[in-house]
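Enquirer: One letter stands for each residue in the lines below.
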Amino acid sequence: MNYVLFAEQLLNGIQLGMVLFLLAAGLTLIFGIMDLVNLAHGSLYMLGAYFAATFTQMTDSFVLAVVISVPLMVLSGIALEIVALRTLYRRDHLDQVLATFGLILFFRELVRIFWGAAGRTIPLPPYFNGSVSLPFGIDYPVYRLVIITLGLIVAGGLYLVVQRTRIGMLIRAGASNREMAGALGVNIPLLFTVIFGIGAALAGFAGMIIAPLTTANIGMGDTVLIQAFVVIVIGGIGSIRGAFIAALLTGMIDTLGRSFLDDLLALFLPVNAAEAAGPALSSMLIYVLMAAILFFRPQGLFPPKGAKA
Amino acid sequence: MKQYIWLGAVAALGLAALPVQAAEIKIGFITTLTGPAAVIGNDFRNGAEMALQHIGKKMGPLDVNIIYGDDEQNPQKGKQAVEKLVERDNVDVVTGQIWSNVLLASKDVVLDANKFLISANAGPSDLAGKACHKNFFNVSWQNDQTPMALGELLNQKGVKSLYLVAPNYAAGQDMVAGVERTFKGKIVGKDMTAWPAQMDWSAELTKVKAANPDGVFVFYPGGHGPAFLTQYDQAGLTGKIPLYSVYTVDALSLPLLQKAGNKTALGTFLTQMWAADMDNAANKKFVADFKAKHGTYPSYYAAQAYDSIMLIKSGVEAVKGNLKDQDGMRKAFEAAKFDSVRGAFKMGPNHFPIQNFYANEVIADKDGTWMNANRQVVLKDHQDSYATQCKM
Amino acid sequence: MNVGLTRCMTLSRVISALVLAICAFMPFLAPAVGEPFLIGMFARAMIWSIAALSLNLIMGYGGMISFGHAAYLGVAAYTVGILSFHGVTSAWIQWPTALIVSAIVAFLFGAISLRTRGVYFIMITLALSQMLYFLARSAELYGSDDGLTIARRSATGLSFLNLNDRVTFYYVIFAALLLCLFVLWRIVNSRFGMVIRGIKSNETRMEGIGISTYRYKLAAFVIAGTMCGLAGILEANLEKFVSPDTLNWARSGEMIFMVVLGGMGSLFGPVTGAVVYWLLQDKLADLTEHWQIIFGPFLILVVLFARGGIDGMLKRRPRDA
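Chains as they are written, first to last, in my numbering: chain S, 1 to 309; chain Z, 1001 to 1392; chain E, 2001 to 2321.
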């Protein structure tokens, strides 16, 4: 086996995992603490990408665009929470799924009216272009390394916030027992709004940093949303640590499946059959993984302490 | 109760909407107006509109009434839209049709109603072969032809080893099979990716880099094209491994790439039966007016939509507006005597074009706008490989 | 209260009867009002009704929110398509096989997913159906993404039951709808139905009185899956075409919405929901190509303000007055 190729594919897996983590972190907090199934989380991801596209065009700088867009995403998230989602907390999951499905349709069409049906490309600054030589003969695109680094920084930051700060304490309290936290005098509505703002910013940020690679486009939120759900379900709903590990796992499995599955299958199947089955199987892999994990651990790998499913 | 009243209201409206009209031909045009693919559908519609503008909305003695149907890029919705056009609007001809799956799902609605169906884009092998029909015509190409031309182009360019990347759906499989049929070198790798979900090709590009072939073939229509090319550049492959494509680098994706300053596409080759700079009067007029109106080059979708309207016009004129003379119209369609933007072509016995396929190169035109420029003929008077299976 | 209840029950029934009557006479009604197109639309709406009815059994009565119900419709439709592709056109083989296949798939999916609860259940049903969706997309022999065209509708061998005749087939669908309504009515009012409803309101209590809730839920899941398979058979025949889109999660989402729109846990609600959903979408799409910007908020408003769906509103009205 070619070890350089394998190492580069591992990096690709980590990079995908980081994007999934940014998305899943917000989703799992919103889900775990507010008990809200928010299908529109993918729409926030898309919105972030379009914000970045617009501000890159206006300021001629992608970095500046991200700096402007993140606070805007916080505001958009807060606005969305106050206008549409707040009333859904007391509803059952079914109502939440349907109402936020409605939001997906709404956002999709809104973006189309504002930005048009064609996607938007985002030019990167020159220092993010091209690839860089790493030890052991590994050649890797600079910008994908940037994504990995940003993901790690955010993950570290989130860990510190959750473990070391007052709001983090409230978040942890909320994740394991909402009623109790409320009874102890925590301002629950405010806490929820803040968390939603953070979640929206994380999702938007994920969309912003991936958009220079994939373009900002209308369908981008849909697929990744389902992947992010897979991540939080595997990781255990409400757990940031679980989301992080599950995101890496999912990113890795998806990437390695796409890279090596057809070769692997070719070992014990005719080449033609392997060629046909490879892509089919690799696109199903993460769902198989999720079904398998839920079969053995119906609450995911790392359910928050004391949380009820 | 409400529903009953509502039905009554619809009925009343329907009756009221039946005024005494001048003689007209009703054309149903199936395109995509919602969802991510609407960018293709809009261009497609713009091409048809340009044709109508050029002919003053007249075909022979008849006024043209065009009605657009939205397939939402979904076969079931597409079939419904066609049913509406045929059963409610009672159109005389159905044209448009971007997607093979929509066309296959909806064709019987039109053909069973004994009307003409003229595909301006989709060209699935079934309809070219076994399932060919006297009232079905295609004015674009059969799916296999363009990639077959590309495989031939690769041979001419001396490419010995090739890596294929394409989406894992019917058209993607057709494109790959087409290239494989004519390409004589060695295929060193092939990745079929999830469609339309996958827009990040990190794993595939890493494999391409490791395989280091003489050339890479890609097929990513619509919004995926620019994303793929961006990542190709990011992976440091621009200028290292030449890129060849079909239906990927077009008038819809090039403006996006140019805006982003991604030069990967420049200088790459693709194959097509048409190019915006083809030297004939019809094409010059079409491209100039389209650019004046929309500010961009027309895509091949628009060009084919334009041709489909012109083909219909030639049929209507041949029977002097007597739409009941279906045999006369069919004869005219089979003759395909109209000024196509691709230059003259013949209609094969299976009602698919027999035409040239060209190598096009991506260049900057004299104003600096990126476009596909026509180079040499790769396949001359090419007929699809299913025509022999057609018993009409 | 009692009088009011009787009255509103009657109103709900009148509407149900009216919807059924419209369905029954559509093949004559539609040409009469110059909209023959409505026949096809109502045929579709009735097929969707059957699918929604089956979902209502597990979701409305049993509280199991399956986000993958399209899977059973899809596998049945594909079974018909694949058999016809290989030259097996007899309805007497196609239909039972398709029903059995969807029952087996429902059994397998149910056995796995019913181990979980709540959101996990929603997600795992979604994941399982997505797996089939990707499988269908990659099945090259059966057209992958392009789907599978079916040359002719299932052959019954009976001259009075020629499915290629439009009106005959319409009434086959109508009969299937009536059959499903009848079967559901019997199930819901049986001991089995009581248990299922009991599980929805309090599963622990049902376990407490010694009932193996898992088995009951699984049985309901399989019945619902099989019934949804019937819808799949009819759809494959109506469209003469199957594609992976029949398996997509968006399709499952639409089914859920029809049930909610019509009224969860009301016997006839899903039918009204499906019919209204179809007409509404169609009218909005005629209005503007940006119809989703209206439809999305409409969904939200239904969820927020019309709990119990149309059926619930009909039942509530007299009390409000």
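Be aware that a few hints might be false.
What the hints assert, rightly or not - Pairwise CB distance ranges (calculated):
# : chain 1 : residue 1 : chain 2 : residue 2 : range
1 : S       : Met180    : E       : Ile2294   : 52 to 60 Å
2 : Z       : Thr1388   : S       : Pro125    : 51 to 59 Å
3 : S       : Gly156    : Z       : Lys1293   : 24 to 32 Å
4 : Z       : Asp1277   : E       : Ile2294   : 36 to 44 Å
5 : E       : His2290   : S       : Leu10     : 25 to 33 Å
Said to hold, decoys possible - DSS-like mimics (lysine-lysine), calculated; alpha carbons at most 27 Å apart, straight line:
#  : chain 1 : residue 1 : chain 2 : residue 2
6  : Z       : Lys1134   : E       : Lys2240
7  : Z       : Lys1134   : Z       : Lys1337
8  : Z       : Lys1157   : Z       : Lys1380
9  : Z       : Lys1026   : E       : Lys2283
10 : Z       : Lys1115   : E       : Lys2240
11 : Z       : Lys1115   : E       : Lys2283
12 : E       : Lys2240   : Z       : Lys1391
13 : Z       : Lys1130   : E       : Lys2283
As the list claims (entries may be wrong) - Chain E residues, not near chain S, derived (Cβ > 12 Å throughout):
#  : residue
14 : Val2033
15 : Gly2034
16 : Leu2083
17 : Arg2137
18 : Gly2193
19 : Gly2208
20 : Leu2218
21 : Val2260
22 : Thr2288
Worth flagging that the hints you see were computed from the coordinates, not collected in a lab.
Quick reminder that beta carbons are idealized off the backbone N, C-alpha and C, glycines included.
Enquirer: For each hint given before, does the structure comply? Return the numbers of the non-compliant ones in rising order.
Expert: 1, 3, 5, 13, 17, 21, 22
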